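Q: Chains as they are written, first to last, in the numbering used here: chain W, 1 to 542; chain A, 1 to 393; chain Y, 1 to 366.
Hint data in this document are derived by calculation from the structure and do not stem from the laboratory. Heads up, a few of these hints could be off.
Computed footprint of chain W on chain Y, listed as stretches where at least three residues anywhere in the stretch have a Cβ under 8 Å from a Cβ of chain W [said to hold, decoys possible]:
| # | region |
| --- | --- |
| 1 | 6–16 |
| 2 | 109–119 |
| 3 | 122–135 |
Pairwise CB distance ranges, derived in the manner of DEER restraints [to be verified]:
| # | chain 1 | residue 1 | chain 2 | residue 2 | range |
| --- | --- | --- | --- | --- | --- |
| 4 | Y | R211 | W | F253 | 36 to 44 Å |
| 5 | A | E117 | Y | I326 | 21 to 29 Å |
| 6 | Y | I326 | A | P370 | 43 to 51 Å |
| 7 | Y | L316 | A | H337 | 43 to 51 Å |
| 8 | Y | I326 | A | P203 | 54 to 62 Å |
| 9 | Y | G79 | W | L494 | 25 to 33 Å |
| 10 | Y | G178 | W | I370 | 58 to 66 Å |
| 11 | Y | V184 | A | H337 | 34 to 42 Å |
Selected chain Y positions facing chain A (Cβ under 7 Å, derived; list incomplete) [to be verified]:
| # | residue |
| --- | --- |
| 12 | R170 |
| 13 | P174 |
| 14 | E177 |
| 15 | F239 |
| 16 | Y242 |
| 17 | T253 |
| 18 | R256 |
| 19 | F257 |
From a predicted model like this one, the values you see are computed outputs, not experimental measurements. The beta carbon of each residue, even a glycine, is placed where N, CA and C say it ideally should be.
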Amino acid sequence: MGKELLKKALGWANEKKGSPQERMPQPEEKRPLSTNWDENQKNLREVFSQCADAVFQETSFNADQPLRILLVYLETLTDQAQISQTIIKSLQQGPLELPDEVSVSPATAPEVLQKHVLSACHPQTSADLLELTKLVLGGNIGILIEESPLAVVVPAQGGQARAINEPENEPNIRGPRDGFVESLKTNISLIRRRLRTSRLKVETLEVGLLTKTAVAVCYVEGLAQPEMVEEVRRRLRRIDVDAVLGSGYIEEFIADEAISLFPLVLTTERPDRVTAALLEGRVAILVENSPSTMVVPCTFISLLQASEDYYVTAPFSTFIRLLRFVALNIALLLPAVTVAVFSFHQELVPITLLSTVANTRQDVPLPIFIEVLLMEITFELLREAGLRLPKTIGQAVSTVGGLVIGQAAVEAGYVSPLPVIVVALTAIASFTAPNYIVGTSIRILRFFLLILAAMLGGVGIMLGLMAILAHLTALRSFGIPYLSPFAPLSPADLKDTFVRAPWWAMITRPRLDGVREPQRQDPDQGPQKPEDSGTRKGRQRS
Amino acid sequence: MQRGQRYLGLLLSLLLLLSAGGCWSSKDVEELGIVTLVGYDRIMQNGQEMWQESIRILSGLAPAQGGKPQGLSSETLFKGTGLTLQQAGMNVNLRTSRLPFYGDIVGAIIGERAAEENLRDIVDLLLRHPQARPRTYILVCQGEAFKLMQSEPEMAKTLSKELGEMVEQRVCRLGVSFPVTLAQFAEWLLSPDRDALASEVQPVYPKENTPKTVSRSLLVSGLAVFRGPKLIGFLDKEDALGTQLIVHTINRAQIAIPLSENGRYFTYQVMSGRHKVIPLLQDGQVSYRVEIDVKGAVFDSAGQELSVQSVKNIEALAADKIRGIALQAVQKAKDFHADYLGFSQELHRTDPAEWEKIQPHWRENFVEAPVDVEVKAEVLTGGSVGAKLPLKP
Amino acid sequence: MTQEKISGSQLSTVLFILVMATGVLFVPGITARMALQSAWLVPLGLPLLTGLLSLWAIYKLGRRFPAQTVIEYSPLILGKIVGKGVGLLYILFFLITNILVIREFSVFLTFTLLPETPGFVLNIAVVLLAAYIVSQGVEVIARMAQFILPLFVASLSLLLLLSIPEMAPRRLLPFLEGGFQPVVKASLVPSAWYGEIVVLLLILPHLNKPRELPRKGVLALVWITVFLTLDILATLLVFGPYLSGQLTFPFWTLARFVQFHKSFSRLETLVVILWEAGMILKVALLYYAACVGSLQWLRKVSFGWVLGILGGVQILGACKFVGGQIQLAAILEHVFPFFALPFEIGLPLLLLGVARLSKAGRVRDK
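Input sequences plus hints: build the corresponding full structure.
A: Right under this line is the structure:
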């Protein structure tokens, strides 16, 4: 019965979202340019009416036999210097030096422009008004020519873009410092620079009816499963929305599960991380105007790995990973365990600690569960406040939060010190999560477990953990079990999980349901002592 | 899509169900009265045999003005009586505002009469009680346990802590008694071939000028002897040492054994001891040989020479003395008619056929069986001075 | 659901947890009561044999009827009516066994950690959780087993390690007092536990390489035997045969007893909680068997309905018909073996025999 209700509620929500009829009509497929100069001009001006940044510049070329042309571009998206210095200059130069067999007429003008006049700018032609519009909206310059049904399009992308800098969310110490920016081209170039092979394939699609966002699918041919790539394409093509303003829009469409508490795609702003994933046979999805890039398939363990792990030595990296795993457990379990231990399983606490805690709690009004819950909520508030505020004020908030709320509440006797310590530890532990999204999953589950712990103590925690485990084992990301390589277990892949094997030992790629080239490198490359140590000694002596 | 919703619904209903029910077993720390020691007595009240339970509960001191809150540093004593142990416990509970929590009991002190008559009930309760731990120490006292529960600690903050430290760290090393846990005690009581022992606690009335003015404290010394589930007597310090040498492995000890030569006393200090009981069967007659192997030192040599030759002599003296102690302990056991030394158990383990035969009268068999004790004593060190300290006359 | 495949090692993990989850708690007490210091020999004998025999029969049946469960092939062997009857009996067997397991779960938890919590809450909680797991399919059960196994084995080994200082090997003497008779007598209950691997009758079609079954099954049985023997040995060596036999859950008491330097003690809560994870999986597995069986028996019924109704039956059964700890212990010791063993080895052997005689199913092509 509850199921029915739930279905109804969701169905109702679906109806509200808007039925297909309300969607704006698809524009007609084609609107060829005519040979009529005025009509073309009029149509184009109509398309860009009320667009203050659209520039229409009339000029002519070919001094001998002037042909009128109309340059149309969006000044906000184009490189002004290039337009004035290169394009206009070459159009307005003196008599054209053309080979003899070529004559300039409205019919040949596009070709002349393309092949001779503007050949340095790699122009292309378009015979369709809508295509031309799209290209202009993409930062190209459209050149309409008198009485010609073909328009010449010159790329002149420009405008303001953010420079490449270190991603703030994923800083590191030894690795490269560049991060993805909003420009798709720049982002692809960042990957291409690292993978100088023609096997790196980049396919672009367009998603979003209004935004026309370019989405690039990158993979290494021969490493990625073709079925996987096809599945990515299929899922991307299925998307039919008005707008895509960030990779998060797409993430929710292409995930395997309707609702999951854990991220089913890996998002990162680091090109090195993406490249490493591509080399394991994964597929990257880059979205125009979004620095965060998605990598699929995503496994749970990959959310706990930072790219820094691969740049420091293996033992240190293993240590850090184990530490991070411990921290993950603390962040998930500590409040719940505290409540379970102090309200259910007091025999677990050494008597000295038990008596100290009991004593500090003599005059505190609230039970320990409510205290922990309130402190956790307070902390979440502080954290959210600090995140959204300007950095300078954010610091003030954390000071006020930490000092005033923590200390004052304890000193006034409103809360006992225990929950404050617990929440502080939990908070510190949760900051070690290298992936922000998985951190948020942990935050939600922490409350879930806390409530269960308050009801059934340790038994409740275990019930909750088993439910989470069942959820996790049932999850798949693009067909790959989320908990691989642990469950299902593939022992060879454990070398890059909680431990990180040295690079010379990472001989095989992760299995990922059958990578096509399992071997990554020659197996016998481990560092070796010089073959004949005797000679070395001898050399030293001499 | 639909599947996902269904499972979400399932989980939600699970959560709802649980939260609607509430937190049955939840009890916050501050609601608990942490019981640290329990005492059990049988007393006569209005002409009826009653159980008397006394408990010591940790209680807090109000933090000093502006000071930091301290741990619970003192104990409060409560007692109650009833027809059964549980009823007595309930009557104790009437007096306290807290829920008694038995998970941290250091020991259970059993009064003499209770141990003589109704030990069974106590062991039964302690073993069944879900909070009481199998490592609880079983202690027996002469007279009423409640009297001992009234004593005050001399060194530690609480009596339970002091008692726990004594039992665990001191008595075994001083050779006056050894710790007996509930599990061990119950195993002895349940075995068909052995009688049980427990440590003895005694009151002590400090006369020294200690910083604390304590009128009565307690110490653990000696052993209580059981035949079946009945207390039949106590062993004094010396007999306890003999028993310990036969029953218990000794480690890191400082047991002083005075020896005399030429009318002068000096000390052999036992540091460790091993033991072995070997049942022998000759012509249908069971006898036992006990092998005791002790290692020790002489620090208090009182002018004795500690050369290679004389050490042999000292070793022989010590072995002889220890043999005497052990034999006396064996005789004591025979007098008690209780085989708490584990001789019959050893017979059972090594020769089940013979055990079969003597089982109906195994205690008599133990009493009649001749026992021989063989002691090997070694002196490992003589301290940081040479063979002899030549003090001028 | 039939498309789901589990690997051989996953299967052994599942079997290990299936038997050990309850075995580790109940078996030492029951065997020590009857066989005293010889109790540790019990798992090495008849129970192991029962397990192997059952495994062999299941394997042979599986070879004759590949990709079919007992519900599907028993009508082929015994004729429509009797075969269907056997199928129904199996469904009831799994259901009743699971009701007992659920009650074991709640009885043990109310006895140890949650004394004031009513049993029905725990029954409902574990059944709901198991229903969620079952609805995700046998693959999820297998993977969860792989995840739980290290924790389970680690906690077990930790306890065994910590109990070493408390052990006295002489407690095992005299060796085999009273001959083999007590050992054989004490074998009955553990045999019924070993026989629980009979769920294979229903999950065998999911095994990706059915030929691996003998190897992986024997592997599981061997490890079960090793750990069960160690488990019994530890309780015997620490508490002696007489006390072990009296304790309801000797291994739990052992967890309460052992310590490492005093500061690292009182591990029982941790152990119970880890054990609980294995228990949930066991409930889920038996639940799954009952569900799949009913689905195939009834045909054309939606999975959701079967899941819901069986869940309800199990909750009701565990709440109403089992009683408290004393009754449960009596059932486990005196009733369960006689109820379970016919299903665990009797029927599989019978089915195999009849199939051989009547040459039903695929005869081996050698």
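Q: I'd like to know which numbered hints this structure contradicts. Please list them from smallest to largest.
A: 7, 8, 9
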